[in-house]
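Bring the two chains, given one by one in their own frames, into a single complex with the hints.
Taken in order, these protein sequences are the chains called A and B. Okay, so the first sequence: first residue is -5 according to our numbering, each after it adds one. Okay, so the second sequence: first residue is 163 according to our numbering, each after it adds one.
Source of the hints: derived by calculation from the structure; they are not laboratory data. Model, not experiment: these values are computed from the prediction. Some hints here could point you the wrong way.
[Said to hold, decoys possible] Which chain A residues face chain B? A few, computed with CB under 8 Å, are given here:
| no. | residue |
| --- | --- |
| 1 | M130 |
| 2 | L141 |
| 3 | M146 |
| 4 | A226 |
| 5 | Y229 |
| 6 | L230 |
| 7 | E255 |
| 8 | Q257 |
| 9 | W261 |
| 10 | I268 |
| 11 | V272 |
In this text, a Cβ means the ideal position worked out from N, Cα and C, and glycines have one as well.
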Amino acid sequence: MSVAKRLSPQAVAPAEPRSEKNYVLRRFLRHKLAVVGLVILTLLVLVAVFAPQIAPYDPNKFDAVSMVDTPTKEHWLGLDQVGRDVLSRVIYASRISLSVGVVAVGIYVVLGTVLGSLAGYYGGAVDIVLTRIADMFLSFPQIMLILVIVAMIGPSIWNIMVVLGLLGWPPIFRIVRGQFLTLRELDFVQAGRGMGATDSRLIFRHILPNSMGPILVAATFGTAQAILTEAALSYLGLGVQPPAASWGNLLIQAQSTTVVEKQPWLWVPPGLLIFISVLAINFVGDGLRDALDPRLKR
Amino acid sequence: MLKYLIRRILIALPVILGVTIITFTIIQMAPGDIVDLYVDPTLSAADKEAIRHNLGLDQHPVIQYGVWLKGVAQGDLGNSLVNRQPVAVRIGERMGPTLGLSLTALAVAFLIAIPVGVISATKQYSWLDYGSSIFALMFVSIPGFFLGIGLIFFFSLRLDWLPVSGMRTLGVEKSFVDLLQHMILPTVVLSAGTMGAVTRYTRSSMLDVVRQDFIRTARAKGVSERLVVYKHTLRNALIPVITLLGLQLPQLLGGAIIIESVFMWPGMGRLAIEAINSRDYPVLMGLNLLTAVLVVLGGLLSDMMYSVADPRIRYS
Chain A
-5 MSVAKRLSPQ AVAPAEPRSE KNYVLRRFLR HKLAVVGLVI LTLLVLVAVF
45 APQIAPYDPN KFDAVSMVDT PTKEHWLGLD QVGRDVLSRV IYASRISLSV
95 GVVAVGIYVV LGTVLGSLAG YYGGAVDIVL TRIADMFLSF PQIMLILVIV
145 AMIGPSIWNI MVVLGLLGWP PIFRIVRGQF LTLRELDFVQ AGRGMGATDS
195 RLIFRHILPN SMGPILVAAT FGTAQAILTE AALSYLGLGV QPPAASWGNL
245 LIQAQSTTVV EKQPWLWVPP GLLIFISVLA INFVGDGLRD ALDPRLKR
Chain B
163 MLKYLIRRIL IALPVILGVT IITFTIIQMA PGDIVDLYVD PTLSAADKEA
213 IRHNLGLDQH PVIQYGVWLK GVAQGDLGNS LVNRQPVAVR IGERMGPTLG
263 LSLTALAVAF LIAIPVGVIS ATKQYSWLDY GSSIFALMFV SIPGFFLGIG
313 LIFFFSLRLD WLPVSGMRTL GVEKSFVDLL QHMILPTVVL SAGTMGAVTR
363 YTRSSMLDVV RQDFIRTARA KGVSERLVVY KHTLRNALIP VITLLGLQLP
413 QLLGGAIIIE SVFMWPGMGR LAIEAINSRD YPVLMGLNLL TAVLVVLGGL
463 LSDMMYSVAD PRIRYS
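Looking at chain B on its own, in the form it has when it is part of the complex (with noise of 0.2 Å):
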């Protein structure tokens, strides 16, 4: 198993690599940069010069790329073009509040699909079946933005029952039930699109089990249809959708990019959006990478626990 671990680590390398090196080239290939966008108009073109020289701007691209790629090997990511912060900083207070939202939301999503689609399943054809079936297709196309914008309408500004944006009320003690309050609407948005997905998923790999001659053999040794579908099926339909808990995580984190601007929620979606506004690319890249590893982490984790789920895989 550890020999697995290290050797897919190894091999995730070179990827969270391709990636950085991707994003760095098309920062560099953008017209225009922070000292042109944000530096006072008025400055000789000597002083713009000294400015970039003290950011390092005025190297080649390559030097650039090495020195950056340098300090993340030493664990350094870099400061802010914008406010001469670290980046490490930066993102790191901004981490808490999308990884929270993200987690939260996969877990209500598979809490509630995974149920669902097995109650489908065992009732194929059957209005029930048809219901879910139509409502996990919305869920799916149902354009994130447009879901909360709708929310906000209806609990936030009619109802008045849940806050508009944020996440802790300004001026007021910070306390679970506010967070709690603020979390409730972008976490529903956030966990629809994958609820649709799990619930579709899990319903098909229940019949898929359900065919397969082992069921046959409970049934014909009288094993009741309680035990068939809870035991025999559940567990052999589950070990696939288990694997889906990390193919979602890069979703739900690129959904959050787009959700934390309706919900005005303080993570890591809205700093890059800044960042990109300011072509702040040592923040960005930062992102970018940490991204890229939480991924792999994700994909990893999901592998692990295919194993446990089914003994029959052994990695080795």
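Here chain A stands alone, though its shape is the one from the complex (with noise of 0.2 Å):
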């Protein structure tokens, strides 16, 4: 089987089981805006895991002996108040802000596909009863909530990860349960029950399957926003705690009008970091809701 023959639209016949798989992924590669997200986002994930190779320094070194304050043939980025290579912490700090984003998402994925499955699927009073719960969570602007969870549990890495994750599901929960109302009437789920499948069966082999797209886009545009969120947190002095550095904690040497002013190197490169991080991230999820979205098939 040749390469260029797989890769021909014409060459994949219908029946081919993969075709549908193979629909998506043409779509999504037609997205120029996604793929070049899809692209940013790949090497600041590799910028995150060989951190150690690329960081010239270690992040939490002090210089005593270069007490240079702008950027220097040694420090591109200059060293902060306590004489750090900026440049390294920047590295590092890509590897907090990325992963809070994907742990904290991760758990509220899990949590909102498992209530929304129950709710969707038995109704009756857990379905009323989790529904209000999600429409209270929902009708709240969650960051005071967090803001308030947050600083009274103490602020760290672990507790921001969790805050976020427990709080984030209802929007998951929605879609959950309401691909649930709909499917589990449809024929092929009617079928299989009339065949004697179990109803772990139907959940995890017959409904669950057919709502990975929306969850799939749901999930990329939350981990943007909880990208989003932490580093708001960390630059408010409530999420990532030094000496461990994350963007947004970065940036709390912004809070200095002297800094803005004159040390423009301190503040931008994780500024600039985070919107380009969360910019590729609402590419590639754009990108995915149109491919995954067969209203739109032409």
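Right, here's the structure in full:
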């Protein structure tokens, strides 16, 4: 089987089991911004993974010898107030900033999917109670609740991940519940039931796989949102705590007007990186939504 | 309509109650209280106990919550633990700046976003469409505080056109122009996210309506393109956009909390952070209660506007 043959659209027979996946992939690749976003995101993830190899210095080591506060050949972004290499800190920060987003969203996707499946499949009192709770969380400026919780239980990387994870599930819950309400009445599910499939088989083999598209799209946009929230919390001093570096807490230095005016190299790079990574993820989310939305098929 | 309103408010009450219970529980779970934080550490344990007793902090949490709730039912939000001022007064003096900023940002965002979204949809796949889509996505993706710092850097520090922070220039007589100058940057920052979201929403709503049969009918009977776009399509496309007005309110209030810190804006967001840092729970409870009420009101308002814009929707 030649590669060229597999790539040409005519070669994909409609009956081939992978054709739907190929179709989605083709639609995604046609979305140029989404591809650009994916490339940028991959680069950022690589930087995060290989931070120890890329960073020129130890992000927590103080350079007592060369007390410079402007960029030099040795320190491209200069040193911070206590003499740590800013470039190394920015590189290491990508690890924390990206992983907070991914872990938080991972927690709430699981939570939202489980609760949404329960509510949508079984209905009744469970459904009513869960829907009420979800509505309550949705109708409130979350940042307020997050601020209070994080301040009270103590700000740290883990607490941020857990709090964002525990509070973020309602949108996923709504999507999954809605999908279950529609899908559980459809013929193929009824047929499965008639053939004696158990509840868990119906849920995990028949209904959930059909809901993956919208969940994936929501999770992608959710990751962008979670990265923004972590950055804002850390900027307010209620997020990731120094000496650990996140893009948000590197911007704490910009609370001083002197730093803002005289040392832009300290605050522009971490801010730009938050912006670029969130934008890249949103581009990917856009592409996924267009590729997975059956209504847009042409 | 009145019946519907009353029912909606009755449904909202347990939600608001739930929010206050959650907030209260979290505050109670936190180690340490205001007496540990603020009172002279040389005081004896007995004196500290006496202060706690005076503030009512030595009672069981359930009783404390009961006392608070009873006060609220009688229109009394309690007193701040920091300076014994009534919470209503402390929040009252901060509410104006926050609401002023949020509502201005809301208006600016919608006034710019709707026309841009409409143009984007009518010229689908043109460079204008791509440009505005990319800008919309950029506005949604940029962290508000970073945009704020960037704008301060350019417009306040480098160009010296606008003030760095605050709501008024100290020592200068109160004037509208002064206030306006202080408002420009925070308003831009706060409206950016909403503007991006509404632009995208308007565009897709327009494209949804254009595909419908009655638009084809209008075109078929020879209605001019102008009328098709601005009367038939726009009017119907705006209906779902209007609901966003109410839904964006929590977003804006949440955004204000962070933006106010960047611009030293004397609003509810900064009060919240002060109250969090000093464990001033009556103020925090009051703030949470008020935001919950505002958000519920926003939702109600958008529902009502929905029924005005779309005669097919009647609430009973």
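Results of checking the hints against the structure:
{"no.": "1", "hint": "M130", "in the structure": "5 Å, holds"}
{"no.": "2", "hint": "L141", "in the structure": "6 Å, holds"}
{"no.": "3", "hint": "M146", "in the structure": "4 Å, holds"}
{"no.": "4", "hint": "A226", "in the structure": "5 Å, holds"}
{"no.": "5", "hint": "Y229", "in the structure": "5 Å, holds"}
{"no.": "6", "hint": "L230", "in the structure": "6 Å, holds"}
{"no.": "7", "hint": "E255", "in the structure": "4 Å, holds"}
{"no.": "8", "hint": "Q257", "in the structure": "11 Å, violated"}
{"no.": "9", "hint": "W261", "in the structure": "6 Å, holds"}
{"no.": "10", "hint": "I268", "in the structure": "5 Å, holds"}
{"no.": "11", "hint": "V272", "in the structure": "4 Å, holds"}
Violated hints amount to a single one, hint 8; each of the other numbered hints is respected by the structure.
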